[in-house]
Amino acid sequence: MSQRLSPPQAPKYLERLYPSTQKGVTLIAEDVTDLETHRQRLSDPDGYRPRCCPARLRLGARVLTQVLAASGSAALEASAKRVGLLGTRWEVVVALGGALWSVAELLHRLAPGLRLM
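Just so we're on the same page, our numbering is the position in the sequence shown counted from 1, plus 233.
It is possible that part of the hints are untrue.
Pairwise CB distance ranges (calculated) [what the hints assert, rightly or not]:
| no. | residue 1 | residue 2 | range |
| --- | --- | --- | --- |
| 1 | A303 | P278 | 35 to 41 Å |
| 2 | K245 | S306 | 24 to 30 Å |
| 3 | P241 | E263 | 29 to 35 Å |
| 4 | R315 | I261 | 16 to 22 Å |
| 5 | A311 | P278 | 39 to 45 Å |
| 6 | V327 | T266 | 36 to 42 Å |
| 7 | A303 | G331 | 19 to 25 Å |
| 8 | A303 | Y281 | 32 to 38 Å |
| 9 | A303 | S276 | 42 to 48 Å |
| 10 | Y281 | L238 | 28 to 34 Å |
Hints in this document: simulated from the structure, not taken from any laboratory.
C-beta: ideal position from N, C-alpha, C; glycine also.
Start from the sequences, fold in the hints, and give me the full structure.
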């Protein structure tokens, strides 16, 4: 029987809790080291956009499943157990019905600032 490998760990900015009054997170583009590169990025609508969100759904969901398990809801706890600590963020979405916006909203209500993607 093969053993399941852990998915990649989520970046800290996805799992760090922020005050509910904070509306976003500033990410530093460490690969932009000169003004010309910065100007090129600004001229492209996707220049500073983070990588494709669906790729982020392949990241680990340990914190998400812990929040669901501790929510006090038997249904959410059961979903967290199905996904497990080695599950991915996509598996959490599927376990909760598959609507990205509703899962993101639920997680934010349970732990303000916690992000799905």
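### Query
Is the hinted range of 24 to 30 Å satisfied by the C-beta distance from K245 to S306?
This hint holds: roughly 27 Å between Cβ atoms.
#### Entry: 16 to 22 Å as the expected CB spacing between I261 and R315, which holds or is violated
violated, 36 Å
### Task
Note whether the CB distance of A303 and P278 lies within 35 to 41 Å or breaks it.
Holds - the Cβ-Cβ distance for A303 and P278, about 39 Å, lies within 35 to 41 Å.
### Query
So the hint says 32 to 38 Å: do the beta-carbon atoms of A303 and Y281 match that?
Given a distance of about 35 Å, which is inside 32 to 38 Å, the answer is holds.
### Query
Falls inside 19 to 25 Å, the C-beta gap from A303 to G331?
holds, 23 Å
### Message
Given a hint of 42 to 48 Å, does the C-beta separation of A303 and S276 actually sit inside it?
### Response
holds, 45 Å
### Message
Taking 29 to 35 Å as the stated bounds, is the beta-carbon spacing between P241 and E263 within them?
### Response
violated, 18 Å
### Task
Return holds or violated for the Cβ distance of Y281 and L238 against the range 28 to 34 Å.
holds, 32 Å
### Range hint compliance [Cβ, V327 to T266, 36 to 42 Å]
holds, 40 Å
### Satisfaction of the hinted span 39 to 45 Å by the C-beta atoms belonging to A311 and P278
With a Cβ separation near 41 Å, A311 and P278 satisfy 39 to 45 Å, so the hint holds.
Checked against the numbered hints above, the structure violates hints 3, 4; every other hint is satisfied.
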